[in-house]
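Construct the entire structure; sequences and hints are all you get.
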Amino acid sequence: MSTEPEFQNKFLQEHGYKPYKCRVCGARFWSRIPRETCPDRPCSKYDFLMKDYPRVNYLTLEDARKKFIDYFVRNNHGYIDPYPVLARWRNDLYLTIASIVVFQPAVTEGIVDPPSNPLVIVQPCIRLEDIDNVGLTFGRHLTSFEMGGHHAFNKKDKHVYWVDETLNYAYEFFTREIGIDPDDLVFKESWWEGGGNAGPAYEVVVDGLEVATLVFMKYRIMDGKRELMPITVVDTGYGIERIAWFTQRLPTSYHTIYGVLIDRYKNILSIEEPPYDVLKKIAYSLSDKEIEGLDMLKHEVENLGMGEYYDQLVNAIRLYTLLDHMRTISLMLSDYIVPSNVGEGYLARLVIRRALKTLLQLGVEPSRLEEVFIKLFEEQADYWKDKYVYSKFAERADYISDVLRVETKRFLDVIDRGFRIVRKMLKKKKKLDLDTLIEIYDSHGIPPEIVASYASRLGVKLDVPPNFYSIVASRHGGSRALMKEKRIEVPGEIAEWARTFPETRLLFHEDPYMREFTARILGIKDNYVVLDQTAFYPRGGGQDYDRGVISIEGEEYSVEAVYKVGGTVVHKLDKNISSENEGKEVRAYIDWDRRYTLMKHHTATHIILSAARRVLGEHVWQAGAEKTIEKARLDITHYKQISVDEIRRIEEIANKIIQEHIDLKIHYLPKFEAEKKYGLKIYEGGAVIQPIIRIVEIPGYDAEACFGTHVANTSEVGAIKIINTEKIQDGVYRLEYIASTKLPPYINELESNIRKIAEALGLDPGNPVVSAQKKAVELSEQRKLISEYRNLVKKLIIKELENNLTPVCGTYAVVLEQNIKDKQLFREIIEMYALDKKYIVISYDEKLVEIATHPENCKTKGIDLTRVVSELRKHGAKGGGKRDHVTIRIENPEKHIAKIIELIKNQCRQTP
RNA sequence: GGGCCGGUAGCUCAGCCUGGAAGAGCGCUCGGUUGGCAUCCGAGAGGUCCCGGGUUCAAAUCCCGGCCGGUCCA
165 MSTEPEFQNK FLQEHGYKPY KCRVCGARFW SRIPRETCPD RPCSKYDFLM KDYPRVNYLT
225 LEDARKKFID YFVRNNHGYI DPYPVLARWR NDLYLTIASI VVFQPAVTEG IVDPPSNPLV
285 IVQPCIRLED IDNVGLTFGR HLTSFEMGGH HAFNKKDKHV YWVDETLNYA YEFFTREIGI
345 DPDDLVFKES WWEGGGNAGP AYEVVVDGLE VATLVFMKYR IMDGKRELMP ITVVDTGYGI
405 ERIAWFTQRL PTSYHTIYGV LIDRYKNILS IEEPPYDVLK KIAYSLSDKE IEGLDMLKHE
465 VENLGMGEYY DQLVNAIRLY TLLDHMRTIS LMLSDYIVPS NVGEGYLARL VIRRALKTLL
525 QLGVEPSRLE EVFIKLFEEQ ADYWKDKYVY SKFAERADYI SDVLRVETKR FLDVIDRGFR
585 IVRKMLKKKK KLDLDTLIEI YDSHGIPPEI VASYASRLGV KLDVPPNFYS IVASRHGGSR
645 ALMKEKRIEV PGEIAEWART FPETRLLFHE DPYMREFTAR ILGIKDNYVV LDQTAFYPRG
705 GGQDYDRGVI SIEGEEYSVE AVYKVGGTVV HKLDKNISSE NEGKEVRAYI DWDRRYTLMK
765 HHTATHIILS AARRVLGEHV WQAGAEKTIE KARLDITHYK QISVDEIRRI EEIANKIIQE
825 HIDLKIHYLP KFEAEKKYGL KIYEGGAVIQ PIIRIVEIPG YDAEACFGTH VANTSEVGAI
885 KIINTEKIQD GVYRLEYIAS TKLPPYINEL ESNIRKIAEA LGLDPGNPVV SAQKKAVELS
945 EQRKLISEYR NLVKKLIIKE LENNLTPVCG TYAVVLEQNI KDKQLFREII EMYALDKKYI
1005 VISYDEKLVE IATHPENCKT KGIDLTRVVS ELRKHGAKGG GKRDHVTIRI ENPEKHIAKI
1065 IELIKNQCRQ TP
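Per my numbering, the very first residue in the first sequence carries number 165; after that it's consecutive.
No wet-lab data here; the hints were simulated from the structure.
If you're wondering where the values come from, they're calculated on a predicted model, not measured in any experiment.
Treat each hint with caution, since some may be false.
[What the hints assert, rightly or not] Okay, derived cross-link-like pairs now, EDC-like style, lysine to aspartate or glutamate, Cα gap no bigger than 20 angstroms in a straight line:
hint, residue 1, residue 2
1, K841, E824
2, K963, E992
3, K215, E226
4, K444, E374
5, K739, E717
6, K551, E226
7, K739, D757
8, K1011, E1035
9, K885, E915
10, K1059, E1010
What follows is the structure, given as structure tokens:
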């Protein structure tokens, strides 16, 4: 990799830096003073913690962020506001894991111009892959952090800057702005890969701490191979927290980030940290080690002769974990992630459950869990008030607290259920082996630490291997990445063919009310046709395609389906069409009834979404939609059951929007301008990666990037009726509704159903409800009556049977004919006799004989009913059972009763 | 999206491995007991064993497919 020209830089050489090779890790790095090893861990410790930097001033997180932004703005970088941590603008990623993510893929692929070039942004990011290490590594690992990025996008016709300028910025920033001596600054050669891109990189390291990574993204990875990109990107990541930590040299980065919040958390949780000097010494001493698990930590701390602080240290680590997780949770929820068991919702739940687990480990009683959890969040919201993007914690506290409440309850339910399972397993197996432990975690969600502490309360000691989670992970093997799926809509070979045509002019966008048009045929393949322009809407954005007729020189073809391939619209006809027709002019007519219904359903969907947001909250996000001719449906994210009352209010607001007679507005805006003006809500229907975005706006209510056709005024929707709601997955609810002229047939059907029900049940059609209630009472009375009759009949039958007993082997054979269809009645009688040692009961209906007796009789009298069965098999019977209970399938059972009694008698003679 | 676990009375579940009579506790109804109660005693009602198919004389139980729920996961 050192062959990359980016490593043959001028800048470093001119500033007195020379290349060295690390004796330990072998990496090449640039330094002004000779060094044996690179100053990056694990080749080196956190030496900065113990050093003095006379020119370095103490910076808070706020200061560090501001300094970074100011410096680059001063150097002609346009400032960009941070984006949410939930990557709504991307279809291939859930969370914002780096500042460059904001500009991928639209800008990095050259589809859209950056909002500014070069630019600077400080982006809150979330990375969960090291979640296990949070706390344990004293602040090296965070689940959320601020990445300062300055980015330049170099195109063929516009070169902005590349390696030397980037190194210069880093050099100037760290030496002048932060005050680090150039001799302490080291640039380590590295390689970066991610998100389908790759390139050479420099890590900027100061005395053990990596403070920035400078990546020169020049490759795209296609099918496993690297190819040069048409656009090269300067992708830098400055660790804002780390820079602040560096200037403060506190024992951990948590102390820098969370300041007074640490003491407030300690109060709430009633725990103590070890003294600062002890903490600092431990953090420093362990900084070149990979601590995996508490056992290893204990060992290392004892080696340092600080074993007495171990317990405090463990509490402190849990404290840091909570501080970290609470900020991440707050970030996720304030960007309106709805916890779920799939997708980004799962990631939120994962962090929430880790935090809750940590609280339990700190000894918080389950009954206080919710209260403490909410309190910890409220403290974060208060601490971060008025600070950068974090001010939204407090602004959206209602939603966040409510979600935390719901999730805590769910977690406790899971734990509760888990404990029952643990009890059951312990009863069965007496001890829990690893497989069981994995099942309890993997299938039931109870972390082994909690199982262990519960088991020890039951007096069972069990060992959890320190690498438990990696064992689980390895068993999962090839489970695939958490990635949003990409939908593929078009039939294969047709798509390839369609791509050879220019973009179709979309008449339905120019005039959604156009019902007929003239166009020229550009291409024909079997029964597929491409025109130069069309008013036929292709399926997309959840709106179904149009149908209609194309007429070519008097011959009519019916349009069955319409698809969109890139910018080309493909019409599928009912029959093949001769390719001689290419270039000819056609007259086309769309099925207007169908289209108009689809338009109304589409606008209705935007209306419903807006109404749902008003009723349920701003977290409501479209998770899917479909508009067909029959009905429309919208899937929305929400974290608890939607009540009947809420549905009614959504319907009310939706119909109010219709009544308000609002003109829809269509705008075409550049991507970044649209995002700035309307927010990322425009991507409700999915991310749109285009330079110009079509926005459909219902002023005052909704604005979305949308390709579909809409009515001109909300009043055209007429009316909306929600006809069905269901939970389609955790955190996602489906609303189905109809609009306009679809309402009367729906109501007619309801009415006719009521009529039919009334008729079938003989209800008063004028007042079916009261009449049905009466019927229900009647029914339950009749049931009671039947039960009384059954008891009566039972007595009669028994009396009858008592008069017809046949002595067999010291018992009496009771022969019971099942002559009415009342299974329960006969079951009761059979049971009564079979549980009495004095009887053998032989019961039969038209094809089945059942014989039963008390099991005792088999032992004392040697009765074995299965032998009766094997005997009868010779006469064509089938059946089997246990010694005291058999069933026999035989034709005309009543003819065999005497024989059966005979066979039983024979048995007890054989064994007296 | 994939793996794993589950679906039996109103609720919580047992039974399933090894096919053969659908169960317990709580709750409910009725009766008795008690000054009172999350009292005690007794009786009773309540079931599409998730759905569909297969194997079998016989399926809650075994096999296949589906639906629903839970849970874990780059």
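Status of each hint after checking the structure:
Our distance criterion of 20 angstroms between C-alpha atoms is broken by K841 and E824, whose separation comes to about 24 angstroms. Simply put, K963 and E992 have alpha-carbon atoms about 15 angstroms apart, close enough for the 20 angstroms limit, and the pair holds. With a C-alpha separation of about 23 angstroms, the suggested pairing of K215 with E226 is violated against the 20 angstroms cut-off. Between the alpha carbons of K444 and E374 the distance comes to roughly 18 angstroms, so the proposed pair stays at or under 20 angstroms and holds.
Between K739 and E717 the CA atoms are separated by roughly 16 angstroms; this keeps the pair inside 20 angstroms, and the hint holds. Using a Cα cut-off of 20 angstroms, the hinted pair K551 and E226 holds, with the two alpha carbons roughly 8 angstroms apart. For the hint linking K739 to D757, the alpha-carbon distance of about 23 angstroms lies beyond 20 angstroms, and the restraint is violated. For the hint linking K1011 to E1035, the alpha-carbon distance of about 18 angstroms falls within 20 angstroms, and the restraint holds.
Note on K885 and E915: the hinted pairing holds, with a Cα-Cα distance of about 15 angstroms set against a maximum of 20 angstroms. For the hint pairing K1059 with E1010, the CA-to-CA distance comes to about 11 angstroms; that is within 20 angstroms, so the pair holds.
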